[in-house]
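J.: Residue numbers (the working numbering), protein chains in the order written: chain Y, 2 to 222; chain Z, 2 to 222.
Simulated from the structure, these hints should not be mistaken for laboratory data.
Small disclaimer: the values here were computed from a predicted structure and weren't measured.
Honestly, I wouldn't trust all of these hints.
Which copy? The list can't say, so a pair holds if one copy fits it or any two copies do.
As the list claims (entries may be wrong) - Quick list of in silico lysine to aspartate or glutamate cross-link-like pairs, EDC-like style, CA-CA up to 16 Å: (1) K90 x E79; (2) K65 x D91; (3) K129 x E25; (4) K55 x D103; (5) K55 x E37; (6) K108 x E141; (7) K56 x D103; (8) K30 x D196; (9) K27 x E83; (10) K27 x E5; (11) K136 x E181; (12) K56 x E37; (13) K27 x E79; (14) K108 x E130; (15) K190 x D204.
Number of protein chains: 2
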Amino acid sequence: MADEVILLNFWPSIFGMRTTIALEEKGVKYEYREEEDVINNKTRLLLEMNPVHKKIPVLIHNGKPVCESIVQVQYIDEIWPEKNPFLPKDPYQRAQALFWADFIEKKVCVCGRRVWTTKGEELEAANKEFLELLKILQSELGDKPYFGGDKFGFVDIVLIGFFCWFPAYEKFGNYSMESECSKLMAWGKRCMQRDSVANSLPDPERVIGYVLHLKKLFGLE
Amino acid sequence: MADEVILLNFWPSIFGMRTTIALEEKGVKYEYREEEDVINNKTRLLLEMNPVHKKIPVLIHNGKPVCESIVQVQYIDEIWPEKNPFLPKDPYQRAQALFWADFIEKKVCVCGRRVWTTKGEELEAANKEFLELLKILQSELGDKPYFGGDKFGFVDIVLIGFFCWFPAYEKFGNYSMESECSKLMAWGKRCMQRDSVANSLPDPERVIGYVLHLKKLFGLE
Numbered sequence: 002m003a004d005e006v007i008l009l010n011f012w013p014s015i016f017g018m019r020t021t022i023a024l025e026e027k028g029v030k031y032e033y034r035e036e037e038d039v040i041n042n043k044t045r046l047l048l049e050m051n052p053v054h055k056k057i058p059v060l061i062h063n064g065k066p067v068c069e070s071i072v073q074v075q076y077i078d079e080i081w082p083e084k085n086p087f088l089p090k091d092p093y094q095r096a097q098a099l100f101w102a103d104f105i106e107k108k109v110c111v112c113g114r115r116v117w118t119t120k121g122e123e124l125e126a127a128n129k130e131f132l133e134l135l136k137i138l139q140s141e142l143g144d145k146p147y148f149g150g151d152k153f154g155f156v157d158i159v160l161i162g163f164f165c166w167f168p169a170y171e172k173f174g175n176y177s178m179e180s181e182c183s184k185l186m187a188w189g190k191r192c193m194q195r196d197s198v199a200n201s202l203p204d205p206e207r208v209i210g211y212v213l214h215l216k217k218l219f220g221l222e
Numbered sequence: 002m003a004d005e006v007i008l009l010n011f012w013p014s015i016f017g018m019r020t021t022i023a024l025e026e027k028g029v030k031y032e033y034r035e036e037e038d039v040i041n042n043k044t045r046l047l048l049e050m051n052p053v054h055k056k057i058p059v060l061i062h063n064g065k066p067v068c069e070s071i072v073q074v075q076y077i078d079e080i081w082p083e084k085n086p087f088l089p090k091d092p093y094q095r096a097q098a099l100f101w102a103d104f105i106e107k108k109v110c111v112c113g114r115r116v117w118t119t120k121g122e123e124l125e126a127a128n129k130e131f132l133e134l135l136k137i138l139q140s141e142l143g144d145k146p147y148f149g150g151d152k153f154g155f156v157d158i159v160l161i162g163f164f165c166w167f168p169a170y171e172k173f174g175n176y177s178m179e180s181e182c183s184k185l186m187a188w189g190k191r192c193m194q195r196d197s198v199a200n201s202l203p204d205p206e207r208v209i210g211y212v213l214h215l216k217k218l219f220g221l222e
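The whole structure should be built from the sequences, with the hints applied where relevant.
T.: Here it is as structure tokens:
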């Protein structure tokens, strides 16, 4: 029996991009279902499949849900291990990859969200910290083509969604990513040459439009 | 060559307890180094081994650091796989264990910290949410002896450190864990019958003393 794979997602989600990239990298056929109004009107299927967080992305594999994007990417890597493995085989290298994924999740994502939900001094602090965090990542990248070394890997998948959000961060934060983090920008462009990434990341202009919508929603416009 | 394993820790840390329990479960010999004053005076070794977060626990295995407790527990499970495996072999069950570990990390730990760092209405909201989160965990536990099923496993290791903090939560939150979450308390007592857990969790009275110290530190006393 062929695998039935369904992804519940909402297009601007950096988390959802991780999962689509992972599925594309493995060449897995899946049905993409857009949760049109994930803030106000969640579908019954979403609530049923992710009763704890009630959030996208949800990966449904043969009827069973896997929630949380980093868990989904690991799961996809384990279920379809042959093509383009994401995590290194060596336990120490794996631990390092998991460490950086955790850093992106707990630091970059949390701070990145503060940029859209605060104003005044809080916003300034968030903008400053966001750039500092990206510079830590850039220094971890060093001269490697990818965080995974010579190969596009786990940490690349976890971070790359931000690339299509960078123009929005630049516009509203009034800075230039190219001057602040040129190596990270070069890494982003390198990743965008992969079909899996190019097919999963929305147009940055559309993200800017979504951010304007968010700012109105949070009463920050 | 025998493995050289060093753990940098600070005794009240729920995160550090995870790593000591994991090492004890595997029967790994390790040197325990207490970071006496981790808030004001971090050792040079800690800063060198965890330059990103500058936080305990740090596991140093043959000179190389592994940071973040959940990553450490996975690493220990991979390096010493034979004795008492923590994570299930089945990818779907593994994903579920990783999901609940993530829930504890992102929700329970973050909310648990708010209880010690806020006052007034914020504190009331944090106390209420903390109990709600524990009830979600209790419902996931169900009638199983452990989160790992019949065996003490990954999620048990990630959560059990809270058990020696519960008396502090009860005292300062003015509620009874036994009435609110009796099944979770029974689980905690069951886990405490294991040497690995009993040897790793400090006396709850000592934790209460530490919380009083914290509250003064944050100007909440």
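J.: Does each hint fit the structure? Answer for all of them.
T.: Hint check:
In the homo-oligomer, the alpha carbons of K90 and E79 lie at most 16 Å apart both inside one protomer (12 Å) and across protomers (10 Å), since each shortest distance falls under that limit. Within a single copy, K65 and D91 get their C-alpha atoms only as close as 30 Å, which misses the 16 Å cut-off; across copies the closest is 14 Å, which meets it. For a Cα distance limit of 16 Å, the shortest separation of K129 from E25 qualifies neither inside one copy, at 34 Å, nor across copies, at 42 Å. With identical chains, the CA atoms of K55 and D103 are at most 16 Å apart between copies only, with a shortest distance of 15 Å across copies and 21 Å within one.
Proximity of K55 to E37 under the C-alpha cut-off of 16 Å is restricted to the intra-copy arrangement: shortest distance 14 Å within a copy versus 41 Å between copies. Taking the shortest Cα distances, K108 and E141 sit within 16 Å of each other inside one copy (15 Å), while across copies they are farther apart (28 Å). With identical chains, the CA atoms of K56 and D103 are at most 16 Å apart between copies only, with a shortest distance of 14 Å across copies and 19 Å within one. When the C-alpha separation of K30 and D196 is checked against a cutoff of 16 Å, the pair qualifies only within one copy, where the shortest distance is 15 Å, while the shortest distance between copies is 47 Å.
For a Cα distance limit of 16 Å, the shortest separation of K27 from E83 inside one copy, 8 Å, qualifies, whereas the shortest one across copies, 30 Å, does not. Within a single copy, K27 and E5 get their C-alpha atoms as close as 15 Å, which meets the 16 Å cut-off; across copies the closest is 38 Å, which misses it. Taking the shortest alpha-carbon separations for K136 and E181, only the intra-copy value of 8 Å comes in at or below 16 Å, while the best inter-copy value is 45 Å. In this assembly of identical chains, K56 and E37 lie within 16 Å of each other by CA distance solely inside one copy; the values are 13 Å within and 41 Å between copies.
When the C-alpha separation of K27 and E79 is checked against a cutoff of 16 Å, the pair qualifies only within one copy, where the shortest distance is 11 Å, while the shortest distance between copies is 24 Å. In this assembly of identical chains, the alpha carbons of K108 and E130 lie at most 16 Å apart only when taken from the same copy (9 Å versus 22 Å across copies). For the homomeric pair K190 and D204, the shortest alpha-carbon distance inside one copy (14 Å) is at most 16 Å, but the shortest distance between copies (53 Å) is not.
When the structure is compared with the earlier hints, a violation turns up for hint 3 alone.
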